[in-house]
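Asks: Protein chains in written order, with this note's numbering: chain A, 1 to 260; chain B, 1 to 260; chain C, 1 to 303; chain D, 1 to 303.
Hints are not guaranteed to be accurate.
[Said to hold, decoys possible] Partial pick of chain D residues on the chain C-facing surface, computed with a CB cut under 8 Å:
1) 175
2) 195
3) 209
4) 211
5) 220
6) 225
[Stated by the list, open to error] Taking lysine to aspartate or glutamate pairs in the EDC-like style, the calculated list, with each CA pair at most 20 Å apart, reads:
7) C/277 <-> B/65
8) B/5 <-> D/3
9) A/5 <-> A/31
10) A/51 <-> B/92
11) A/4 <-> C/271
12) B/11 <-> D/271
13) A/11 <-> B/9
14) A/5 <-> C/29
15) D/277 <-> B/80
For the record, the hints were derived by calculation from the structure and aren't laboratory data.
Idealized CB from N, CA, C, for every residue including glycine.
What follows is each chain in one-letter form.
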Amino acid sequence: MEYKKHILDFKVVQNQHLGMNYSLLMLKPFEGEVPPSAPGQFAQVLVPNSKRTFLRRPISICNIDRDNNQLWLLVRRAGEGTAALCDLHEGDTLNVMLPLGHGFTLHRDDAMLLVGGGVGVAPLLMLGKELKEQGMQPQFLLGARTKADLLLLDQFSTLGKVHITTDDGSTGVHGVVTKHPVLTSDNIAHIACCGPMPMMRAVAALARQQGIDCEVSLENLMACGMGACLCCVEDTADAGNVCVCTEGPVFNINRLKWQI
Amino acid sequence: MEYKKHILDFKVVQNQHLGMNYSLLMLKPFEGEVPPSAPGQFAQVLVPNSKRTFLRRPISICNIDRDNNQLWLLVRRAGEGTAALCDLHEGDTLNVMLPLGHGFTLHRDDAMLLVGGGVGVAPLLMLGKELKEQGMQPQFLLGARTKADLLLLDQFSTLGKVHITTDDGSTGVHGVVTKHPVLTSDNIAHIACCGPMPMMRAVAALARQQGIDCEVSLENLMACGMGACLCCVEDTADAGNVCVCTEGPVFNINRLKWQI
Amino acid sequence: MADLSVQIGNLKLKNPVMTASGTFGYGEEFADLIDLNQLGGIIVKGTTRMPRQGNPYPRMVETPSGMLNAVGLQNKGVDHFVEHIYLRIKDLDTAIIVNVSGSTVDDYVAVCERLNPLDKVAAVEINISCPNVKQGGMTFGTTCAGAQSVVSACRKAYDGTMIVKLTPNVTDVTEIARAVQDAGADALSLTNTFLGMAIDVERQVPCLSTITGGLSGPCIRPIAVRMVWQVAKTVNIPVIGLGGIMNGRDAVEFMLAGATAVQIGTANFVDPQATVKAIHYINDYLNRHGLDSATQLIGALKT
Amino acid sequence: MADLSVQIGNLKLKNPVMTASGTFGYGEEFADLIDLNQLGGIIVKGTTRMPRQGNPYPRMVETPSGMLNAVGLQNKGVDHFVEHIYLRIKDLDTAIIVNVSGSTVDDYVAVCERLNPLDKVAAVEINISCPNVKQGGMTFGTTCAGAQSVVSACRKAYDGTMIVKLTPNVTDVTEIARAVQDAGADALSLTNTFLGMAIDVERQVPCLSTITGGLSGPCIRPIAVRMVWQVAKTVNIPVIGLGGIMNGRDAVEFMLAGATAVQIGTANFVDPQATVKAIHYINDYLNRHGLDSATQLIGALKT
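Using the sequences provided together with the hints, build the complete structure.
Replies: Below, the structure is given as structure tokens:
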């Protein structure tokens, strides 16, 4: 199903700072409803308040709160553009284009594990919510550097069982996500993964080894976000260079030419 | 007397919106005192929150409130840079270089008329305050389009007699400032003028005709504000092209080659 | 409502605003967001004789008020265009112009020949200025002889309106412009991107897989405006201005400098509705200045 | 503390960061804000044989991430420099380099001869690339023959380190660079500004009194980095990189591309302390990367 793209002005209803480096932006359109979107799709955000940011910034859709007509975007303070987004004030206006790209496959069984790391947990919240609403029982495996870096844990806990790893062992299993036994347990048939590239590669490698179906969400640098500039290409086994912004950002690992 | 230039970060203590198009920014340095400055000198402000503003913006010093260690800048919403300044929030940080240029001559008599229009009234507040503190009795002639466009009237009223003209006659004398009889009254020996170019030219023409000593504050487009780029030049009778940022912004009209 | 139409050779555009090649796909990508029929023209992606995979990732880096790209003419080739894409877009009520690229003169000619019979292709734009291919492209566009060799050959192969897209990476763009006019071009478009480079200083590697790429965006607009102004004074054929046009004001700037029409490129990545907004701006501008035709803007700069 | 010194011909700079001509006056304007003795060098304003009033106002317009200027070499002439300014700045503990401009070869030679005996002038920078004068300037810098005519003549007139400043407004900057090296230059600096233009669309007039001017600022940095990279691979003499350097990161970018030293220009208008901040950044960068000399950055790009 293809959702229509929209460009809308949103008002910053709340900017919830999560630790030093993350902001959860809760946005409400000035007019109309937040456009229908699928889990794993993303938005292109025009940064209004940064001197040195020219292009839009692609940000995963974290959640659409239909009760309050809000779009949630989780932003990590990485460069100047995202830092400016993290510094937005309540009441500020943000121009957002959405929804873009193709999201995660919704499997109609209870054997789905959603694996996220860092800011990559964002689209998994929407995916988990959707699965739960459709009667499935998703599980989550969330990795972070420390306990303090685990994001949206309260939200995830309402959606299904949450497994945790931390690099420093401050909570959950000590180590990276691939150390967690849930990844290799018998009842996991599908993995949806979003996080830093080393994590996604490690998860993909394990999935391939175990014969588990696995999708990952790529973050290739992009300009337009809508298939026009052909900058964000990923080399695929079946079609050569394809745009991550339109064919992805979510890819089944079988399409990728990753050396894993 | 030459004051040392400083570059300092200031905190926006208050952004007082004056009508739709003006903001009075009250700024406090994060460290130390507002540097000593003379009436008519200006500041170069780095606009932190505008996508399309590259250079600093020169803004007249409106007032230095020593009791509260505050620098006041009056900003008119003209282009994108000044609009961004008008939209600053309290608590925001502003990088300001000051003081720059040469200000108005302080005449030690009571025959000084300070003529201002629009945002050009800004430096006249500091000049009037300085004159009053030194025991003089300055008079003010302030012009505006309408009554609502008269800025800082309460402040000026505490410093001396205020004469007013408005283009629409909503208060004071109906018409431009040169229509006001005070300009040609016997007891005016010196004029300090700052406002839109047509106003300054008209005042300069009248002053020359009446043989009144007159200084005007120029607003030539500038890049550096400190005599390095040589962009803001004004052609002078005595020295050819000189930098408005260092030799001015205040010039005696006798130096200018204006056809008046 | 002012008359927005302008004339490029035999081609009448309903308004001066087109999309630049390689920044607007085949238009379809933007159909959710704007009415494509409102555009003066769509210049579709650089099309080559054979399919091309383009350059490896990374192909893009943001720069101050602009971006570098090194796409390298990724496209499915002219046959795919004719057999599939053309059929999908040919009934749009806007001028469909195909950007033609190649590595050899024969390549250009082959693409022109394949496009020549197509009724609904309003014009071709011969791209002798792509900085991101190893052979051909910009190397044709930096000498008068190279430019003429491509343009003369294409002139024989294509009967309709032929626009030639010039590179700014030259000492004297008027010299190339004159040579291209003499070789039979109906119009010129300029500028293509500027050859640039950026480095990831922490990793000490180039930001692009190809080391250098093409710089576009408002950063280079002042240079592009200057070149359009110089060329428009030199040649007798229409000039189409592009290079960092972000909005209607910028479009008018190019027209005042001498452009008959404009192309909006990189701006489509920042604001996919930039083209239609620019058209509205031009209409408002004409009304505000008491003008009744967009043609009155062409070269109207007072110097 | 890493060793920041670099060598330009016979001239040793204490660090690679200099100020670009025409953006830093004679240094005195900045003395309240930075310690001038910390700089690698100060390249003073373009100096001509006779005093020049420069071009009429307006001379400047802000552009996206940059600015156009048309100052036109306003200066009081070489005699005034030697008799007044030199005496005030000669005892600074930094390399004082004089930018030499002219309309004819004789003009350049006359200035070089006047500067040749001055002990405390560390080098001259021959400016064959100013876009804002009607005669000479850039017209010398856009052909190999023109560039060589000036550089050969200056070489005979000046015994010390001679840097030649190149224009980017050429098809192949490596060709000019090679010619200038062959004519006896000890080092090259590039790039000067790009010829550009901007229009006040409401008034329909050029923003500059001279219609066109020189574009500088971070907008053009990707083009300048590319040219430095090309030239550094081509010549055997040191290259000094400039063009839109705003901070230490940008300075390192130019050095990785092949520059031995850098000049900071337009950034001085935005942050008058940009030079000293860049020096600190380079020192920190070297420490962070486990390097002990700034010379290890020169051309260290991994391709």
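Asks: All hints are to be evaluated individually against the structure, with a verdict given for each.
Replies: Evaluated hints:
1. 175: Violated, because the Cβ-Cβ distance from residue 175 of chain D to chain C comes to roughly 10 Å (cut-off 8 Å).
2. 195: 6 Å, holds
3. 209: Violated. Min distance 10 Å.
4. 211: 6 Å, holds
5. 220: At 7 Å from the nearest chain C Cβ, residue 220 of chain D passes the 8 Å test, so the hint holds.
6. 225: 5 Å, holds
7. C/277 <-> B/65: The given pair, whose Cα atoms are some 46 Å apart, is violated under the 20 Å limit.
8. B/5 <-> D/3: The hint is violated at about 32 Å.
9. A/5 <-> A/31: 15 Å, holds
10. A/51 <-> B/92: Given pair residue 51 of chain A, residue 92 of chain B holds - Cα atoms ~15 Å apart, limit 20 Å.
11. A/4 <-> C/271: 17 Å, holds
12. B/11 <-> D/271: 18 Å, holds
13. A/11 <-> B/9: Violated: residue 11 of chain A and residue 9 of chain B sit about 29 Å apart, past 20 Å.
14. A/5 <-> C/29: 10 Å, holds
15. D/277 <-> B/80: Roughly 28 Å between the alpha carbons, so the hint for residue 277 of chain D and residue 80 of chain B is violated.
Checked against the numbered hints above, the structure breaks hints 1, 3, 7, 8, 13 and 15 and satisfies the rest.
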